[in-house]
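Colleague: Listed here are the chains, written in short residue letters.
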Amino acid sequence: MNRPADIIVERLTKTYGPLVAVDRVSFEVPKGEVVGFLGPNGAGKTTTIRMLTCYMPPTSGSAKVAGFDVFHESLQVREHIGYLPESTPLYHEMRVSEYLDFRAKLRGLDRKTRRKRIAEVAARTWLTDRLRSPIHTLSKGYRQRVGIAEVLLHNPPVLVMDEPTVGLDPSQIREARRLISELAGDHTVLLSTHILQEVEMVCQKVIIMAQGRIVAQGTPEELKNRTGTGIRVEVRGPADQVRSAINAINGVDKVEMVSGSGAAICVLNVRGKITPELREAIATTVAQRGWSLREMRQEGATLEEFFIRITDPGSIAA
Amino acid sequence: MSRTLTIARREFTSLFYLPVAYLVLFLFLLYMGILFGMFIFYPGAPSELRGVIDFSRFGLFIIVPLMTMSFFADEYSSGRIEMLRTSPITEFQLVLGKFIGASLFYLVLVASTLIYVGLLAIYGHPDWLQTAASYLGLILMGCMFVSIGLFFSACTQNQFVAATASILTLGVFSIISELSTRLWGEISIFNWFSIPLRAPLYYLGVGPHIADFSKGVVDTSHLAYFLVFTGLFLFLTYLLLESKKWR
Amino acid sequence: MAEISHTKRHWLYGFNAVVLVAIAVAILVLVSYLTQKWRTSFDWTSGGLYSLSGSTKSLLKEAEAKQQSYELLSMYRPGERSQRVMDLLNEYARQSKAIKATDVSDVSLEETERRIRSLYTEEIKPYETTIGGFEPLAEELTKFFKQEGANVGALAQKPGASEALKRAAAETQGAFTKVLPEKLAYIANMLRKLTESTSPEWSSAASLLKTGVATNEVPSIDMLETTLKIYVDPAKRKDALPEELLPYFASAEGRFKDILAKVTAYREQLDKLQPLKVQEVLDAIGERSVVVIGPQAVKVISHEELFKRQPGSDTEEEFNGEQAVSSAILSLARPEKVKVVFVTVTPQRLTGPGGPFSDMISTLEQSNFEVMEWSPPSATPNPQAPPPSPTPPAQGAGVVWVVFPPDPPNPQMMMMGMPPPDPQPVIGATRQHMAAGGQVLFLSEASSGMMGMMGLSGYPYADLVKDFGVEVQSQYTVVQRFQREGQDGELVAFVIPAVLVQRYPETEITRPMQGLQTLFRYVSGQMGPMGMPTVVGPAKTLPEGANVKVLVETPKSPDVWGESNFSEKMEKSTFDKGQDLASPLPMAVSATRGGVAGGGGKESRIVVIGSKFFAMNPTQDEVQLVWTGREVQRILRYPGNQELFRNSVLWLAGYENMIAVSAKANAALRIGDISPGTLTAIRWGVLFLGVPFATLVIGGIVWFIRRK
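Chains as they are written, first to last, in the numbering used here: chain V, 1 to 318; chain H, 1 to 247; chain Y, 1 to 708.
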């Protein structure tokens, strides 16, 4: 990871009176990466984004976007950023083309460039046949596309999108995700969302915020692995005996009874340092006792699980 | 500057796509038409627009706020302000652009009254330069009203509140001069003010300033009055937007 | 980068914003103040409806320089006239800080009255002391009469008093101790009522003392004095008083004399009171008037002065406001009026109502002049004219004389052997007047008409004007050739002794007249044209110190020339090279000469104009009536005539700054006739319904198009 970072955030803080909305947040988004910005509602995502996009100044700390300071070089930051706010506010009385033209002009594009870029982004967001439609006649999905199109108009190095897929139907969501994935490489994307699959699908990196702080960041795999893992074992045999037998194996920390207590077949969850040797030891133990091993598989941790664990107020306080 | 004009152009053209613009035009032309038809347009009356211009403020103080109420309030309530404020334009460009857009639309209102001048030209002999002075006054007064309307629109995200506050303020501006003199002795409440307040209050009102324009006299002090008040409220609007950053 | 804490920054920015707002408001106040102080205005009306004339402007400048301030109050009720008046007064206020214009509805009448009274406090003082002095006098009189009454009553108590004495004594005692004190108390009470109010009626109080109240048998001071005189005169006592009391009153004569002296002194004091100007002013304030409150005095301009109506015609009134107001300010600024004397050789009736110059004279009077006329004793009496007198009513410095050329004598009188009018007394008087520093406007005429026939060739005052380097070539008649349609439709040329001028050399007198037509005309007399225009120009060699400026020059045209023998061929005259003078011809000059003895070292001024009757009242065909759609406006065809005369007099009087055009278009042009049907159609079809609803239709169309 030696590529220069397009977004550098250092100890960014925003307070509203006594309320600390964002608390000393630091992270970096490397050039060309799509970074997911996760967190429950009220975690401070939107506030952080608003500070990055110069909508509001930070209380303290600093942030650089595309090499410019958000506080001191606000105008340059705004030139180099494409920002799609949360609810995609548009001028409903305008036609799509008029609106895009207006936004492109605000970005300072000349007439020729404007025409070219509008055609390009419209094609990219499947809007070409709706360019003449007044925005108020468009469905939510189309409006969202208009919002995305507008963000891309001036081909900014940095894109910041606040929940871009909210309100879209599943097929639209798929399209949108594909589009965002395509943007990676050319653009640095900071994608705020609370849909975990989205992050897994499109993001190279995830930053999780809760209660104004960053609670975790890394690639989705890294985060998944950080969740404790286990082995799911399904055995035909007396549940209590099976449990105590496995528990006695060296290297097993804990055995949880998933189902089948007192029945013929029981399902157990074995936690501990998972190694191939451990799996063999379990298999051997079951076989030695004359129970039959119906199934044994390593449980893959979900990001969701991790997210729920990590954003739990109790765990943050810990 | 081009970004300012971009904002201005959008505001101006968008108004024509919204019903409120036609409502404003309708009310304005209805009011001015009644003024003109009743008080100016009859045989033997002086063929000048004086009365219409003089009294236009008693319609404009309602009509202009209807036009400007949404200019900022709607941006706040719809969240578009976030999009505008994160665009590479300064607050000053934003305010100026909106002001130019609204003023251009106001010019359309004013231009529609040229119908009356046409009627005067057919049935009388209007004095063209005097008419020009009247229009200059009408335009300057409108710009001042627009800037006050924009200021109140920037104060709140509720259009209704913005309109009410502008109407009240413009109403005070429209009538304070007359209140400070005509009714002075007759309404006891105004005796609460001491005499030294009378001159400033009289100066504050729009009435004496538009009166000279409407009769065909261009006085530098009246020019300055309109320009200074327009500038002041634009500046206050700018400060208000700017202050959202640090409040 | 130094980190600033959030709260600190919050306050810093907040403070900054407050400072900025404060600065913005300060700039607003400053700019407002400065632009109010140094304001310039541009009148965009083509008629200059809201421009004050140069004369008014310089008058206001003068007032400002003298630090005099004037308040102009319009007493008009709201309406078209009120607006016209207020427009004008506001222009005054705009022009000068010395002027404040107020609509009457702004201030209460009491306030106005109080202010007017405060200007006349000096005048009221003698009234205060006199009327205030009545009460002590009344007390003294009461005491005196009560004492005397008691004394008389005592007589009746004396042993041996007769019945007649008793009756007489009782009667007198009653009158002295009861009736008289009661009446005195009544008067004192009335006076208190009249004077102890916010608008004390001093005049009424004084007249109460002077005349008493007849119905209540309240005596005046006069009556009191007369009554007391009876008691001090033995003869009158005998006639008027009961015989029985005579001895007593004889003994009391000394005391009565003392008290009479006091009453007489008081009566004399009362008689000395001058009529109150403040009362006159307050009485003159009407519902339709303009009050000009000056630094020392007040002038009320009546409705008739502001809105003039021409006598004997149905024309609408004209607005004469600027002249009236400026004159009022001028008369307050310079309380003494400048006298203008119309001087003629034989008695004429030039001034007074209905006189031939009445229009001109009223214009002069409004410009703060007093016009009179004078002629020396003459052989040709005129019963209608003011009686001639050997001494002029006014002459010398500060007086302007208008010297007319001698009139042609009555031919019948000539035949009866009467001598022609002798200009010598006028020449002598004029010379005296000029020597004393007086200024003169000389009017001259061509001598080729009647005068020539009478053998009175030459301008009699040529010598007087020659001192100033002015030459009157009265042998030439200025004529102009016109064309008119003959009987068979052909154009026939004819020549008349009159000339029309519209362009003038740039001089103080004529500068504001550019473009205004002046007609130098003649008057048809029994024996042909009279007062024909003539050539007046600078002499070839000017005396030392003289400075002559040509005021009027005829147009340069082959149709205009100076005819040397007009009376012979009249209308058929032609220009004869060698004999006649080619145009342009000078017709009027102003001339100055520095430091003439008696003029106080100041330059003395004359104006000589080669026309006798140009300033006469305009005849019917010189007035144009214009129907403006609502009213008829009376427009002078030749407004230059009056201007030239008035400006010349103003210049002579040293009122150069009052010279300006006074006549102006008064109102904007009006909407012409519209038939009631058309009017209703336009009002409803276009103004009230058509245009407003058209916008809604357009809105609907736009909405429909935008939907797709």
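Because the hints were derived from the structure by calculation, they are not lab data. By construction, the Cβ of each residue, glycine as well, lies at the ideal position given by its N, Cα and C atoms. A couple of the hints might just be wrong.
Derived CB-CB ranges, DEER-like [what the hints assert, rightly or not]:
| no. | chain 1 | residue 1 | chain 2 | residue 2 | range |
| --- | --- | --- | --- | --- | --- |
| 1 | H | Leu5 | Y | Ala694 | 40 to 46 Å |
| 2 | Y | Ser46 | V | Lys112 | 18 to 24 Å |
| 3 | H | Gly118 | Y | Glu280 | 50 to 56 Å |
| 4 | H | Ala121 | Y | Val702 | 17 to 23 Å |
| 5 | Y | Val25 | H | Gly118 | 41 to 47 Å |
| 6 | H | Leu5 | Y | Glu656 | 32 to 38 Å |
A short list of chain H residues far from chain V (calculated; beta carbon distances all over 10 Å) [unchecked claim]:
| no. | residue |
| --- | --- |
| 7 | Ile7 |
| 8 | Tyr17 |
| 9 | Leu18 |
| 10 | Tyr42 |
| 11 | Gly44 |
| 12 | Phe55 |
| 13 | Leu66 |
| 14 | Pro88 |
| 15 | His125 |
| 16 | Ala132 |
| 17 | Thr164 |
| 18 | Leu201 |
Colleague: So, against the hints stated earlier in the document, which numbers end up violated here?
Modeller: 1, 2, 4, 6, 7, 8, 9, 14
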